[in-house]
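*Asks:* If you want the building blocks of each chain, they are given just below.
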Amino acid sequence: MTTDPNPSSRNGFPEVRIINLCRHYQMGDTLIRAVDGVSLQVRAGEFVALLGSSGSGKSSLLNLIAGLDRPTSGAVIVEDKDLARLSREELAKYRLHTVGMVFQSFNLVSRMTLAENVDLPLRFAEVDRSRRDALARQALERVGLGGRTTHRPSELSGGEQQRAALARALINQPKLLLADEPTGNLDSHTGTEIMNFIREFNESLNMTIVMVTHERGLAERYAKRMIFLADGKLVDDQLNSAAVTATGQDGAR
Amino acid sequence: MKTYDLAELALRNLRESSLRNSLTTLGIAVGVASLVAMLSLGIGLQKLATRRLVSSGLFDTVVVMSRRDLRGFGHDDERNTATAAESRTLDEPARLEIEHLPDVLEAYPDIRFITELRYQDKPHLTMVSGIPSSARSNDAFSGIQGGFFSSEGAAEVILQKSFAAELLGKATKPGQEDEISVTELAKPLLGQELTLRYAQRIASPAAPEEGLPAKAGQSAGAESARQRDIPSDVAYSVISREQKLKIVGVSDLDPDSMRGAARARVFLPLNLAENLHVMQPSDLRDSMRGFNKQPSYSTISVRVKSPKQIEAVEQAVKKLGFNTFSILDATRSLRQFFAVLDLFLGIFGSLALAVASIGIVNTLVMAILERRREIGIMKAIGASDGDVKKLFFAEAGAMGALGGVVGVVLGWLIGHVINLGTNIYLKRQSLPPESFWSVPWWLVGAAIVFAFIVSLVSGLYPAARAARLDPVQALRYE
Numbered sequence: 000m001t002t003d004p005n006p007s008s009r010n011g012f013p014e015v016r017i018i019n020l021c022r023h024y025q026m027g028d029t030l031i032r033a034v035d036g037v038s039l040q041v042r043a044g045e046f047v048a049l050l051g052s053s054g055s056g057k058s059s060l061l062n063l064i065a066g067l068d069r070p071t072s073g074a075v076i077v078e079d080k081d082l083a084r085l086s087r088e089e090l091a092k093y094r095l096h097t098v099g100m101v102f103q104s105f106n107l108v109s110r111m112t113l114a115e116n117v118d119l120p121l122r123f124a125e126v127d128r129s130r131r132d133a134l135a136r137q138a139l140e141r142v143g144l145g146g147r148t149t150h151r152p153s154e155l156s157g158g159e160q161q162r163a164a165l166a167r168a169l170i171n172q173p174k175l176l177l178a179d180e181p182t183g184n185l186d187s188h189t190g191t192e193i194m195n196f197i198r199e200f201n202e203s204l205n206m207t208i209v210m211v212t213h214e215r216g217l218a219e220r221y222a223k224r225m226i227f228l229a230d231g232k233l234v235d236d237q238l239n240s241a242a243v244t245a246t247g248q249d250g251a252r
Numbered sequence: 000m001k002t003y004d005l006a007e008l009a010l011r012n013l014r015e016s017s018l019r020n021s022l023t024t025l026g027i028a029v030g031v032a033s034l035v036a037m038l039s040l041g042i043g044l045q046k047l048a049t050r051r052l053v054s055s056g057l058f059d060t061v062v063v064m065s066r067r068d069l070r071g072f073g074h075d076d077e078r079n080t081a082t083a084a085e086s087r088t089l090d091e092p093a094r095l096e097i098e099h100l101p102d103v104l105e106a107y108p109d110i111r112f113i114t115e116l117r118y119q120d121k122p123h124l125t126m127v128s129g130i131p132s133s134a135r136s137n138d139a140f141s142g143i144q145g146g147f148f149s150s151e152g153a154a155e156v157i158l159q160k161s162f163a164a165e166l167l168g169k170a171t172k173p174g175q176e177d178e179i180s181v182t183e184l185a186k187p188l189l190g191q192e193l194t195l196r197y198a199q200r201i202a203s204p205a206a207p208e209e210g211l212p213a214k215a216g217q218s219a220g221a222e223s224a225r226q227r228d229i230p231s232d233v234a235y236s237v238i239s240r241e242q243k244l245k246i247v248g249v250s251d252l253d254p255d256s257m258r259g260a261a262r263a264r265v266f267l268p269l270n271l272a273e274n275l276h277v278m279q280p281s282d283l284r285d286s287m288r289g290f291n292k293q294p295s296y297s298t299i300s301v302r303v304k305s306p307k308q309i310e311a312v313e314q315a316v317k318k319l320g321f322n323t324f325s326i327l328d329a330t331r332s333l334r335q336f337f338a339v340l341d342l343f344l345g346i347f348g349s350l351a352l353a354v355a356s357i358g359i360v361n362t363l364v365m366a367i368l369e370r371r372r373e374i375g376i377m378k379a380i381g382a383s384d385g386d387v388k389k390l391f392f393a394e395a396g397a398m399g400a401l402g403g404v405v406g407v408v409l410g411w412l413i414g415h416v417i418n419l420g421t422n423i424y425l426k427r428q429s430l431p432p433e434s435f436w437s438v439p440w441w442l443v444g445a446a447i448v449f450a451f452i453v454s455l456v457s458g459l460y461p462a463a464r465a466a467r468l469d470p471v472q473a474l475r476y477e
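Listed in order, the protein sequences are those of chains A and B.
Just so you know, we're using numbering that gives the first Met the number 0 here: the first sequence kicks off at 0 and counts up by one.
Just so you know, we're using numbering that gives the first Met the number 0 here: the second sequence kicks off at 0 and counts up by one.
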């Protein structure tokens, strides 16, 4: 179905398999079919954009892949495990070790410094304090915030906050990076900055990226595959050969 | 999450809304303080009462008597069960055996007899009792003028103050003894000599001979008269004797108090009293039965290390084949009273803590609402239900432990202030100050642990609620 340009050994194997996935919920008297019978596969190392208008079910689908929500029916299989069958405890472990998440609204803990925000997942993973500090500093340096470890999120610009959120998502070295409108709250300049980081993670760290966006232009520029959703259903799934790789472009404005 | 990280995060969270959390903690502290103050009062009162009773020498004493003696008192149940084998003679070997039982401090025979004492050639009839040197330490002789016996066998005597008054011719009516001070009575008497006249029993292996009628006491005389009819190969004579005694002390002990050695108005050192071989009422009974190979005691007083061991010692002595008596029942009801009192004080004290625990629930539920988004974030980046639960538990526990410590200090202060105030009042009423308030270390520990546990229990619901929070909804929440 898809040919992957990356030569890594993991590449090409299905990372995420979604089989006839439904997520319905009751709101008052009406049944909302947020995700309604979606089947798709995401291969390791892919950069996939989930596109659709608001209410199309793209965020719901992302939450199901992230293990934040449970499907009404169907299966999400990651690393041979059906997320629907995992216990709450196992699901937490999956979120901790396999998935990194970035959100539109950054979702940093405002009372904590950047370093503390970034090493929070390591606390849940019970990593020693000294190792945690080193890893957090490394991750922040990677996104260009090495000098701001003791700042609070409120002292940072939106772009910087999203970079910190990226550092937090990276810290446990997940295979899967899930981004929910990562540039939605940013101006185009900082948005590009963030997207360049995400693309870099995809290419140099070989992370599989699933990004939800409603901006078709953004998807076309960075994603190598575009999946269109409408009313909870998959309507189109196309490769995007127009995507520019990090090495062959100038970080277009 | 590691314990250290957990504690750090919890403390950080507590500092974040410090006013609300310190008020909640203060609530717990007040609850613990009231609990500590109430219970210390109960414990202190109990200590005061027990101290008084223990020093009276009553509650650490078991009186042992032979089972045989009870037959004469119409105890039907004893009559058929006490065979000769079970009912042992209360003699010297038995006394030694009892003394070697665990937790027994000493076992001494109760020697008591009514006899005549002459002072300045005037006869005075009274009850004389032998007391062991250990009596020196108990309350009964705390108000003594002069001194205690110089040795166990010294020819010395301590007088009860009403008897001292009688010797001096200061006749007192019962109830008016208080009007004369012991010091005043002791002055002319200390160092003076007193002559004790008594009926001595001398064992004689031969058939009954003409025993000298004892002049000393009426009872002894009457018994010795009947004693001549005993057809037995063991017999003894009763001889009237005299013993000079030096007055060394005058005690203000009330002769009608419950004290074991009381009812006597003249006290001799125990060894001296024993060696006098004064005719005892039990001698007569024993000689009638023909058991009397060697002298036996009518009763033995057994002093136990502490009132707690009374019951065990009583059981042990009963197994040896004797009857026992102690005022254990009185202590038991006293202990019961204090158990009930402590319970009530504890319940009232705990009420404040219960109210405080509702405060914890309230504070934590508020915290969940405030930190809803944060909980969602933590879950999204990999926190398990357990991690979130533990975090809220840690916060509840920290408030509880801190409240407990502050509360103990507060309770201690409250108790001290009350004690101080009461003592000032007592002083005004010209009563001696009393420490009726006591905080034992176990109460300090127990109060803190109790506050901690109550807080954790209060944290149960908020923690469970936080843990079950749906991350998708929590993240949507602004």
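A portion of the hints provided could be inaccurate.
[Stated by the list, open to error] Subject to a maximum C-alpha distance of 30 angstroms in a straight line, what follows is the list of computed DSSO-like cross-link-like pairs (lysine-lysine): (1) A:92 <-> B:317; (2) A:80 <-> B:388; (3) B:186 <-> B:169; (4) B:426 <-> A:174; (5) B:1 <-> A:174; (6) A:174 <-> B:389.
[Stated by the list, open to error] Across the chosen pairs, the derived CB separations fall in these ranges: (7) A:203 <-> B:22: 31 to 37 angstroms; (8) A:203 <-> B:463: 42 to 48 angstroms; (9) B:22 <-> A:216: 49 to 55 angstroms.
Everything labelled a hint here was simulated from the structure, so no lab data went into it.
Backbone N, C-alpha and C fix where the C-beta goes; we use that ideal spot for every residue, glycine too.
*Asks:* Does each hint fit the structure? Answer for all of them.
*Replies:* Tested hints:
1. A:92 <-> B:317: Not OK: residue 92 of chain A and residue 317 of chain B at ~69 angstroms, beyond 30 angstroms, violated.
2. A:80 <-> B:388: Given pair residue 80 of chain A, residue 388 of chain B holds - Cα atoms ~26 angstroms apart, limit 30 angstroms.
3. B:186 <-> B:169: Roughly 14 angstroms between the alpha carbons, so the hint for residue 186 of chain B and residue 169 of chain B holds.
4. B:426 <-> A:174: 81 angstroms, violated
5. B:1 <-> A:174: 25 angstroms, holds
6. A:174 <-> B:389: 28 angstroms, holds
7. A:203 <-> B:22: 31 to 37 angstroms: For residue 203 of chain A and residue 22 of chain B the Cβ distance comes to about 52 angstroms; the hint is violated.
8. A:203 <-> B:463: 42 to 48 angstroms: 43 angstroms, holds
9. B:22 <-> A:216: 49 to 55 angstroms: 54 angstroms, holds
In this structure, the hints that do not hold are numbers 1, 4, 7, in rising order.
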